[in-house]
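Q: Full structure from sequences and hints, please.
Listed below, chain by chain, are the residues.
2 protein chains.
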Amino acid sequence: MNLQEYFDRCVVEINRALDNLLPPEKTAPETIHKAMRYSVFAGGKRLRPVLTIASGEAFGGSLENLLPVACAIELIHTYSLIHDDLPALDNDDLRRGRPTCHKVFGEAMAILAGDALLTRAFQILADEGGLPDAQRILILREVSAAAGTINALIGGQVLDIQSEGKDIDKAGLEQIHRGKTGAMIRVAVRTGAIVAGVGGSTLDKLTVYAEKVGLAFQIADDLLDVTATSEQLGKTAGKDAAVNKATYPAVYGIETSKKLALHLSNEAVEALSRLDTNTEVLTSLARFVVDRNS
Amino acid sequence: MNLQEYFDRCVVEINRALDNLLPPEKTAPETIHKAMRYSVFAGGKRLRPVLTIASGEAFGGSLENLLPVACAIELIHTYSLIHDDLPALDNDDLRRGRPTCHKVFGEAMAILAGDALLTRAFQILADEGGLPDAQRILILREVSAAAGTINALIGGQVLDIQSEGKDIDKAGLEQIHRGKTGAMIRVAVRTGAIVAGVGGSTLDKLTVYAEKVGLAFQIADDLLDVTATSEQLGKTAGKDAAVNKATYPAVYGIETSKKLALHLSNEAVEALSRLDTNTEVLTSLARFVVDRNS
Chain R
0 MNLQEYFDRC VVEINRALDN LLPPEKTAPE TIHKAMRYSV FAGGKRLRPV
50 LTIASGEAFG GSLENLLPVA CAIELIHTYS LIHDDLPALD NDDLRRGRPT
100 CHKVFGEAMA ILAGDALLTR AFQILADEGG LPDAQRILIL REVSAAAGTI
150 NALIGGQVLD IQSEGKDIDK AGLEQIHRGK TGAMIRVAVR TGAIVAGVGG
200 STLDKLTVYA EKVGLAFQIA DDLLDVTATS EQLGKTAGKD AAVNKATYPA
250 VYGIETSKKL ALHLSNEAVE ALSRLDTNTE VLTSLARFVV DRNS
Chain H
0 MNLQEYFDRC VVEINRALDN LLPPEKTAPE TIHKAMRYSV FAGGKRLRPV
50 LTIASGEAFG GSLENLLPVA CAIELIHTYS LIHDDLPALD NDDLRRGRPT
100 CHKVFGEAMA ILAGDALLTR AFQILADEGG LPDAQRILIL REVSAAAGTI
150 NALIGGQVLD IQSEGKDIDK AGLEQIHRGK TGAMIRVAVR TGAIVAGVGG
200 STLDKLTVYA EKVGLAFQIA DDLLDVTATS EQLGKTAGKD AAVNKATYPA
250 VYGIETSKKL ALHLSNEAVE ALSRLDTNTE VLTSLARFVV DRNS
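As you go down the protein sequences, you meet chains R and H in turn.
Residues in the first sequence are numbered from 0 upward in steps of one, following numbering that gives the first Met the number 0.
Residues in the second sequence are numbered from 0 upward in steps of one, following numbering that gives the first Met the number 0.
The set of hints was computed from the structure by calculation and includes no laboratory data.
It is possible that part of the hints are untrue.
When chains are identical, the list treats them as one kind, so a pair holds in a single copy or across two.
[Stated by the list, open to error] Below, in silico cross-link-like pairs of lysine to any residue (SDA-like), each with a Cα-Cα straight-line distance of 25 Å or less: (1) 238 - 106; (2) 33 - 141; (3) 33 - 164; (4) 25 - 170; (5) 33 - 149; (6) 44 - 14; (7) 102 - 235; (8) 25 - 168; (9) 244 - 26; (10) 25 - 98; (11) 165 - 30; (12) 25 - 161; (13) 257 - 279; (14) 102 - 91; (15) 169 - 226; (16) 234 - 106; (17) 102 - 88; (18) 169 - 27; (19) 25 - 171; (20) 102 - 242; (21) 102 - 80; (22) 244 - 220; (23) 33 - 88; (24) 234 - 93; (25) 33 - 15; (26) 238 - 105; (27) 204 - 170; (28) 33 - 140.
A: Here it is in structure tokens:
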């Protein structure tokens, strides 16, 4: 199994599905649909939806049923980036090498485009694909909790903002990361498995994998902000340190952070060994999140 | 039946339910939960959730099952007000007689509080109350569509922003209002009935009522902006005209707008006469929306 090939194949399917699931640019009001599409098709890695597909396929889920869930999660991720980039929050002009949504469409439209992507994500989960109602509800519960305020996406963003310029301890740092990136990566993995009908202790074991991968991914992200160039990242490198953000390199130093990320990636792989299915792709993904250079 | 008494009784139940459904202020991260509660408990009229309850009760729905849906709709309404009030959008400092969310908590927290209320609304629809999954999914589809971009809440807001300072025709004006206020009032009425197991032609007839009420309400709102004082409104009166917003008084004049609102209210009542149930409360509500002074 070649991860790059698997990844590329998934991304083609994800992008096609996203194109079908988003309102066309020519549908009125055009501007908001343009803004939504601008940010969704801005060259994102698609890690979260690929995790959903890989997790679901590991347990026999069909791509057809997995794609809407994967896409909804990617839309929520995109909405969170649009809002995070706003002047009132991180004030970022560049994302994935392109001007951020509010730089192109203005702040008002960027706020509304984020709102619209979040709303559309829930509509897709309620509407699209052929899942039975009971599974659909389970997934809606999981995703809405992960996108919320308690140990979840918005909560992590709040803690992140509040930590700027402050000394933060290791527990506080982990809490930020578990919310800000961890929750959506965790739910990406879990919902893939739920689509495939997985529950109980198998889902618990898979969740251990998901949590380790999520934290490893964010530590690698923090490290890239220090070690990579702006060109590699498609956004301003070194920005975390400049605004005194709570990051792993800042709290643990670069070398220890690298070791921590690797250790978490190994633990993720170990968690997979307790599952009775082919976890080759998930294993490669756990290695990939700490091995990437952008 | 005294509408005021019915309304007051509903509002007590709605406020109690909202209090139970929102994370406590002391739950971390505290700031976001404070901001969410600040705006939710800012003295809103609760028209939408009352419509949900009245519509559901007219067809035998239980208050217990109606409350979570009614509250979710109120949270979406509140999120839309928080985001509309932001400096990048309507830039309002006052709402319901109190400083707006971003004036108290800052722009970043107001953006996130809006996001969090929208997310929590969908979580409530997926999670709370004792509805069967099939009904739950129906309601989630209805609400996510009404909160979206196509003939819906966000779309109306986009058109509203884009209309500022421009000449707008009658059809354009109606389109803005149908999206901005109409869609959520329509869905408030429809989901109440859906909770009560109503569908088919009965739901269609009720939808006619809901659409008339929604438009009548917005015309009355436009009129109040011209005729009421800031003190009555709890927000800056005359603001629509000052920023050259598309309103009914601006396009039709005050007298014709009053007649239009009354006519729509009458048509709403007429639509109810085609329903085979006790529609006393819904009738009073259709009269109330054009008769209020704040």
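Q: Hints first: check each against the structure and report whether it holds.
A: Do the hints match the structure? See the list:
Both within a single protomer and between protomers do residue 238 and residue 106 lie at most 25 Å apart by alpha-carbon distance, with minima of 21 Å and 21 Å respectively. In this assembly of identical chains, the alpha carbons of residue 33 and residue 141 lie at most 25 Å apart only when taken from different copies (24 Å versus 29 Å within one copy). Proximity of residue 33 and residue 164 under a CA criterion of 25 Å is satisfied inter-copy only: 22 Å between copies versus 36 Å inside one chain copy. For the identical chains of this complex, residue 25 and residue 170 are inter-copy neighbours only, at 19 Å across copies versus 48 Å inside a copy, given an alpha-carbon limit of 25 Å.
Proximity of residue 33 and residue 149 under a CA criterion of 25 Å is satisfied inter-copy only: 13 Å between copies versus 32 Å inside one chain copy. Taking the closest pair of Cα atoms, residue 44 and residue 14 come within 25 Å of each other only inside a single copy of the chain (11 Å); across copies the shortest separation is 43 Å, beyond that limit. When the C-alpha separation of residue 102 and residue 235 is checked against a cutoff of 25 Å, the pair qualifies only within one copy, where the shortest distance is 15 Å, while the shortest distance between copies is 30 Å. Within a single copy, residue 25 and residue 168 get their C-alpha atoms only as close as 49 Å, which misses the 25 Å cut-off; across copies the closest is 21 Å, which meets it.
Within a single copy, residue 244 and residue 26 get their C-alpha atoms only as close as 40 Å, which misses the 25 Å cut-off; across copies the closest is 23 Å, which meets it. In this homomeric assembly, residue 25 and residue 98 come within 25 Å of each other (Cα to Cα) only inside a single copy, at 22 Å, whereas the closest approach across copies is 38 Å. For the identical chains of this complex, residue 165 and residue 30 are inter-copy neighbours only, at 16 Å across copies versus 39 Å inside a copy, given an alpha-carbon limit of 25 Å. In this assembly of identical chains, the alpha carbons of residue 25 and residue 161 lie at most 25 Å apart only when taken from different copies (16 Å versus 40 Å within one copy).
Within a single copy, residue 257 and residue 279 get their C-alpha atoms as close as 23 Å, which meets the 25 Å cut-off; across copies the closest is 68 Å, which misses it. In this assembly of identical chains, residue 102 and residue 91 lie within 25 Å of each other by CA distance both inside one copy and across copies; the values are 9 Å within and 23 Å between. In this assembly of identical chains, residue 169 and residue 226 lie within 25 Å of each other by CA distance solely inside one copy; the values are 21 Å within and 58 Å between copies. In the homo-oligomer, the alpha carbons of residue 234 and residue 106 lie at most 25 Å apart both inside one protomer (19 Å) and across protomers (23 Å), since each shortest distance falls under that limit.
Both within a single protomer and between protomers do residue 102 and residue 88 lie at most 25 Å apart by alpha-carbon distance, with minima of 14 Å and 15 Å respectively. Proximity of residue 169 and residue 27 under a CA criterion of 25 Å is satisfied inter-copy only: 17 Å between copies versus 48 Å inside one chain copy. For a Cα distance limit of 25 Å, the shortest separation of residue 25 from residue 171 across copies, 17 Å, qualifies, whereas the shortest one inside one copy, 45 Å, does not. Taking the shortest alpha-carbon separations for residue 102 and residue 242, both the intra-copy value of 20 Å and the inter-copy value of 24 Å come in at or below 25 Å.
Proximity of residue 102 and residue 80 under a CA criterion of 25 Å is satisfied in both settings, with 13 Å inside one chain copy and 24 Å between copies. Proximity of residue 244 and residue 220 under a CA criterion of 25 Å is satisfied intra-copy only: 13 Å inside one chain copy versus 45 Å between copies. For a Cα distance limit of 25 Å, the shortest separation of residue 33 from residue 88 qualifies both inside one copy, at 23 Å, and across copies, at 18 Å. In this assembly of identical chains, residue 234 and residue 93 lie within 25 Å of each other by CA distance solely inside one copy; the values are 5 Å within and 37 Å between copies.
In this homomeric assembly, residue 33 and residue 15 come within 25 Å of each other (Cα to Cα) only inside a single copy, at 17 Å, whereas the closest approach across copies is 41 Å. Taking the shortest Cα distances, residue 238 and residue 105 sit within 25 Å of each other both inside one copy (22 Å) and across copies (22 Å). In this assembly of identical chains, the alpha carbons of residue 204 and residue 170 lie at most 25 Å apart only when taken from the same copy (23 Å versus 57 Å across copies). For a Cα distance limit of 25 Å, the shortest separation of residue 33 from residue 140 across copies, 23 Å, qualifies, whereas the shortest one inside one copy, 29 Å, does not.
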